[in-house]
Amino acid sequence: MLEITPLHYSLLSAALFMIGVIGVLVRRNVIIIFMSIELILNAVNINLIALSDRLQDLAGQVFVVFVIAVAAAEAAVGLGIIIAFYRNKETVNIDEIQIMRW
Amino acid sequence: MAEAIVFWTLAVLILGLGVMVISARSAVHSVLFLVVNFLLVAVLYVTLNAEFVAVIQVLVYAGGIVVLYLFVVMLVNLKKAPERYADPRRIAWTGTLLAGAVLAEVIAIVYASVSSDEAGAAGGGFGADTPFAECGAGPLVSCNTEQLGWVLYTSYLIPFELASMLLLVAMVGAIVLAKRHL
Numbered sequence: 118m119l120e121i122t123p124l125h126y127s128l129l130s131a132a133l134f135m136i137g138v139i140g141v142l143v144r145r146n147v148i149i150i151f152m153s154i155e156l157i158l159n160a161v162n163i164n165l166i167a168l169s170d171r172l173q174d175l176a177g178q179v180f181v182v183f184v185i186a187v188a189a190a191e192a193a194v195g196l197g198i199i200i201a202f203y204r205n206k207e208t209v210n211i212d213e214i215q216i217m218r219w
Numbered sequence: 347m348a349e350a351i352v353f354w355t356l357a358v359l360i361l362g363l364g365v366m367v368i369s370a371r372s373a374v375h376s377v378l379f380l381v382v383n384f385l386l387v388a389v390l391y392v393t394l395n396a397e398f399v400a401v402i403q404v405l406v407y408a409g410g411i412v413v414l415y416l417f418v419v420m421l422v423n424l425k426k427a428p429e430r431y432a433d434p435r436r437i438a439w440t441g442t443l444l445a446g447a448v449l450a451e452v453i454a455i456v457y458a459s460v461s462s463d464e465a466g467a468a469g470g471g472f473g474a475d476t477p478f479a480e481c482g483a484g485p486l487v488s489c490n491t492e493q494l495g496w497v498l499y500t501s502y503l504i505p506f507e508l509a510s511m512l513l514l515v516a517m518v519g520a521i522v523l524a525k526r527h528l
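Note that the protein sequences, when read in sequence, are chains A and B.
Heads up: the first sequence begins at 118 in this note's numbering, then just goes up one per residue.
Heads up: the second sequence begins at 347 in this note's numbering, then just goes up one per residue.
Don't read these hints as lab results, they were simulated from the structure.
There could be a bad hint or two in this list.
[Claimed, not checked] On the chain B side, residues computed to face chain A include the following (Cβ under 7 Å):
1) L361
2) I402
3) T442
4) V448
5) L449
6) I453
7) L498
8) A516
No residue lacks a Cβ here, since even glycine has one placed at the ideal position from N, Cα and C.
Based on the sequences and whatever the hints tell you, model everything.
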């Protein structure tokens, strides 16, 4: 309990990952679903950083830099899609987004 | 002892704020909880000796991505709450159930990898492929930043350039998607 091992960080990461997955599966607002995806990416980053510290290997931190770059790209494109969709359908409710053509 | 206190405090706060992000009624509140969550994760990175990544986390996530989210929440002015209409075929509790299954799976993987880690450590262990380089005695440069820059521009040069191309493509794509008339 008092000694913090990489296992603790992995379990924290797994719990945060699960919170993100619940958000993706349960919420109906597309913006909140995107935020849940950011939570999932953060969970993965915690894991990589903790193991980088444990194994004294910088590759984990390099990977986190790439994950953050991809997350930024994903957020920009995804939010662009949301804006374009909202302009056409006046909604961001995922239950009303059923067709891929309009 | 101090490490344990810091870890448990941060873990409770990070998980609590994560729950707040996905359970808040208003999207603006979700974004604000998300900022605090990202800042706390950055603190966790500092405790794990990853100062450069912590700074990047604050700058890119808490500074850039969250502002993007706030702009979208502002642009998407919702007259009726998006949660009001639910598809009658949607079964919400299956989502939580599936997420529980995912958690069980991830925890099983964690425990399996820990036991194989111990077995590997007994049989020689991991060799670090990109070990921490020696850092110079620059007074203002963080040692971690110097090491990470060294690795990023030598071993990971091509992925680094590919990431820059990805960001360029994403920037063009976002503009094309969001622009009304080209």
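Hint check:
Using the Cβ-Cβ criterion of 7 Å, the hint placing L361 of chain B at the interface with chain A is satisfied: the shortest such distance is roughly 6 Å. The closest approach between the C-beta of I402 of chain B and any C-beta of chain A is roughly 6 Å, which is under the 7 Å cut-off, so the hint is satisfied. Evaluation of the T442 of chain B hint against chain A yields a held restraint, the C-beta minimum of about 6 Å falling below 7 Å. Annotation: V448 of chain B was flagged as interfacial toward chain A, and the flag holds, the nearest CB pair being 5 Å apart, inside 7 Å.
Using the Cβ-Cβ criterion of 7 Å, the hint placing L449 of chain B at the interface with chain A is satisfied: the shortest such distance is roughly 4 Å. This hint holds: I453 of chain B has a C-beta 6 Å from the nearest C-beta of chain A, less than the 7 Å allowed. The closest approach between the C-beta of L498 of chain B and any C-beta of chain A is roughly 6 Å, which is under the 7 Å cut-off, so the hint is satisfied. Checking A516 of chain B against chain A: minimum C-beta separation of about 3 Å stays under 7 Å; hint holds.
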